[in-house]
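Heads up: the sequence lines are chains A and B, in that order.
Everything in the first sequence is counted per my numbering, starting at 1 for the first residue and increasing by one.
Everything in the second sequence is counted per my numbering, starting at 1001 for the first residue and increasing by one.
Treat the hints as calculated values from the structure; they're not laboratory data.
Backbone N, C-alpha and C fix where the C-beta goes; we use that ideal spot for every residue, glycine too.
A portion of the hints provided could be inaccurate.
[What the hints assert, rightly or not] Computed Cβ-Cβ distance ranges for the label pairs, DEER-style:
| hint | chain 1 | residue 1 | chain 2 | residue 2 | range |
| --- | --- | --- | --- | --- | --- |
| 1 | B | Arg-1111 | A | Val-608 | 37 to 45 Å |
| 2 | A | Gly-604 | B | Pro-1236 | 38 to 46 Å |
| 3 | B | Trp-1419 | A | Asp-208 | 19 to 27 Å |
| 4 | B | Pro-1415 | A | His-498 | 35 to 43 Å |
| 5 | B | Leu-1475 | A | Val-45 | 24 to 32 Å |
| 6 | B | Met-1286 | A | Gly-604 | 27 to 35 Å |
[To be verified] Partial selection, computed: residues in chain B whose CB lies under 7 Å from chain A:
| hint | residue |
| --- | --- |
| 7 | Ala-1214 |
| 8 | Ala-1332 |
| 9 | Gly-1373 |
| 10 | His-1445 |
| 11 | Leu-1475 |
| 12 | Phe-1476 |
| 13 | Gly-1478 |
| 14 | Pro-1481 |
| 15 | Ile-1496 |
[As the list claims (entries may be wrong)] Selected chain A positions facing chain B (in silico; Cβ < 8 Å):
| hint | residue |
| --- | --- |
| 16 | Ile-170 |
| 17 | Leu-184 |
| 18 | Glu-445 |
| 19 | Glu-449 |
| 20 | Trp-571 |
| 21 | Gln-574 |
| 22 | Gly-604 |
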Amino acid sequence: MKWEALLWWILLLPLGAAAWITLGTLRQPRRSAALSVGAALGSFVLSVIFWKLNGWTSGSVSVSWWQVGPWAVTFDLQVDPLSLLMLLVVTGVGSVIHVYSIGYMRGDPGFSRYFACLSLFMFSMLGIVLAGNFLQMFVFWELVGVSSYLLIGHWFERPSAAEAARKAFITNRIGDLGFLSGLLLIWGLTGTLDFNRLEEQWPARMADLGALATLAGLLVFCGVVGKSAQFPLHVWLPDAMEGPTPVSALIHAATMVAAGVYLLCRVFFLFTPEALTVVAWTGGWTALMAALIAIQQDDIKRVLAYSTLSQLGYMVLGVGLGAPAAGMFHLVTHAFFKALLFLGAGSVIVALHHEQHIWRMGGLWRRMPVTFWTFLVGTLALSGAWPLSGFFSKDALLAVAWERNLPLFLLAVGVAALTSFYMFRLVWVAFGGSARQDGAGHAAEPGQEMLWPLRILAALSIGAGVIGIQAMLQATLPGLEGAQASAGWARLVEPFHHAPVPAAAGLIAMLAGLVLAWRMYGQAGEDPVAQHWPRLARWLRQRMYWDELYNGTVGAFHEACAALAAGVERWIIQGFCHGLLKGGTAVLGETVRLVQSGSLQTYGWVFVAGLGVLLWWVLGP
Amino acid sequence: MTMLGGLVGLPLLGAVAMLLVPRDAARASRRLALAVLGLTALFAGMVFVHYPQAAIEDHGYRMVTRVPGLGAPALGIECRFGVDGLNVGLLLMGALVAWAAAACARDVHERSKEFYFLLLLMTGGILGAFASLDLFFFYFFHELALVPTFIMIGVWGRGEDRSTAAYQMTLYLSAGALLVLIGLVGVYLQVPAQLRTFDIPTLTQYFRENPLPADAQAWLYPLLLFGFGILVSLWPFHAWAPTGYASAPAATAMLHAGVLKKFGLYGLMRVAQPWMPQGAQDWMPMLAGLALGNLLYGGWVAMREQNLGRLLGYASVAHMGFVFLGLAAWNAIGVTGAVVVMVAHGFLAAVSFALVGHLYGQAGTLSMDRWSGLGRVMPFWGAIFTMAALAGCGLPGFVNFVGEVTVLFGLWQVPELRWVTVGALFGALVVGAVYMLRAVRQVVHGAPSQTATRGVDLLGWQQRWPYALLVAILLFLGWFPQVLVSRVEPAVAGLIPRELTAVVTLRVE
């Protein structure tokens, strides 16, 4: 590799910005923004330079971190096509969102703090991307968790935001409990946590490890379930929408939540077929469940949040079907169009003075044309309309499912229909028709620093399917073997050649969803689902009651443990032990009091006797 | 080397000098204490930096310093100081925390001369206990530090029930110290009369070559385990800690929770475990179980606690679980991790109790439901508190994580303790996060309450530097742990049997 030092700069620039803002420029919002945006852009430019210099290269830089005897923890910067791709996506989308944030957060009292946390997040995320061993991955895994905690809780005076931040962190910690156990298990079995060394050793040992290998894979997957908000730990992500919208775009849609999928791809060799089956069904079920819940959400960001859950489910499903390349492909295109959708939602929210309820919008397409058209591009890409990027990545997933698992294929096609249904519901209700409230009637486009990010991301959402990401992934990871490497315009129609059934099924599903959404919501004044099927609507609006279930079971159990411990502490430890101690002392005191008679004669005798014993002991036999 | 002698001697000489300060010179006593402790911290820093270059003199100890005239050669008592990997970090931590503690004692106005006198005495005792190579002085210096603790809580403590707290703490800690004394005397008597000495290195060497008989270990080890354990709030003998720390003045809580409490752990590591490996082996499952009690039980009680001082007290009890677990593992990785946790927790406890002290100074209450939204009202305080809470739940980036994860890796090496490791993981990752973030949620987050609006943030560098210093050290060591680990690790390797220093790979049947 040429210019390895660039990697350190890419990683450390955002950290430097975060530290500088925290220590120096908290009261100078302009300078803070400049530092943070500069660092993000700097990392992006350096990543591009590194990539131009080296191409899709592999290699790593490694320094010792801490070491106890033969147990050495290293700090690695590992580069391979997978991490390079992720590096470009994270810094690229990150830079765009940093720029957008300047407009979105203008005038916020915590402006500098926001950018410091955003830079801290960039640093942590780049750490995940470049990590070369499990422990380092875990370190940065936790650090993105804490940046997410700080950013969700940016408006910490609002109780809902403060609660959401706490919930996100703790739910992630539950996933990390599995992750760290898995890490210990793997280390105990192989004596190493280095990805490259594990990749050499593990496949050969998988057979004799048997169930342990499956267990190790599933424990690592627990971390993914937490971070990528898969069922059953999905509950934190919708609440995380309490954070500022650019944060939702960057962290809770494009990058951090995708880190779980990235980890799955990075350590794909770890998973046994049994483990992969669990992974696939977890992803599939999450995709379906989230898509169902999304069709009855009325908060513009919550619809997108459930959509993110559902798409992450798709990616996990892809990996579970043994096609990490397909999952990764979808991760990249999803990063573009979901960031676009969130930023579009953000500009609507700003225009409506922080109104997020879609039934109080309407008619926005006329008043906010740039936002509307880019949002529509995002919606089409997400729904998988040909020839936008989402079509190609979703088709890759469907093709794999078609080949390997028919039930999951049917499920995935159903989710595709639901996706286009809930997204076009959102578009018709929020942007279509005429304004339902005054605010929506006076909405206006935000400033250019918020519009250009939309345009850039829209261009990427359109084109990312055919700019060669697929071919690059094909050469890197398993899972896209079917697709033919073709050039130019042939790429556009290639899916219809190599796997016509899934391609057609995806398109039909998408159109079905679109038409149904138009029929139901095209002119609707209120939600027809809630009118006709009130119980179903309530069930979906209450998110299938998962939160209530968890509060009633896991939460209650943990609280009961705490209550029990507190009771024992109060009545037994504080009561009984103190009593014993005090009683014991009292008895001792009484005994001693006998000696302390106050009689000088007795004292004299004791003194002499003591002296005698001491002398005997010192000079002794 | 006189650096080490200076390190212990300075605070004690400062204490003597304090007696000469006239009572009406209000600020002189504070200035004197700060200057003396600043100089002590500088000495400790020099010892820490010079440590790798210093020659190894006696059984792996460096910079061995003999204090002439102190001791009773006829009894084999001789005041000698020395450092090795186990105590070099603790001495640095102790000196820095003492300096920060003096700086955070700003609100002591009554009888400040006596307060600083006791603070200097306590610091001298602590540093002496950690530096001593002689069993007698090891114990003596600990007692020297302990007595001022009781007095400070009783006189300068906060709240109605401070005398109860002081009483309770005295009872527990004296009981612990008494058990230790009996145990140490018992061990001493096991040595043949002509070889009797109080010199720790010599005794360690002797017990390695002539292991104690198993039946002697069987009754001596538990004495030391529970004696030292009570001093560190080993579950279920921890009840003194939360009450004591909630009632103690900030500086005392910082010094005791941060540094003095580590004496028990240091004693286990230095004396009990190496001298009685068989006893340690037999009691290992019990110790691991009790440590898990610290972690889980302490954490659960903290979840329900409404008083911030007591909550942090229980958190401190929980953190001690990691050190006990490292000791239970008794292999190179585990013990190294335990020492790192001891140092890390010292800084963390200091910053936590300093924060609590400032909060109490604002409105005379630590009840969490009275405070809210301090992130807005007191941004610096809120930021430091959030960082302390995150460090407390083992967030990477802070050195606490390095220590804890190293302990867990060490523990995983012991096949019998696998399930304990899983329990410890749960305590570390989930329970810790629950109670720490609950505290942040209630105190820092939310809309400012009536009480909160009266709060005044820490202002200016004079008030902020101790906090900044302590957090900066936590972060620095968190990213460059090798600075500490490289000093600790060789000493640990010398302490435990060779076969336990290797990485063991699980065998699959």
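(message) Run through the hints listed earlier and report the numbers of any the structure violates, in increasing order.
(response) Hint check: 4, 6, 7, 11, 12, 13, 15, 18, 19, 20, 22 fail, others pass.
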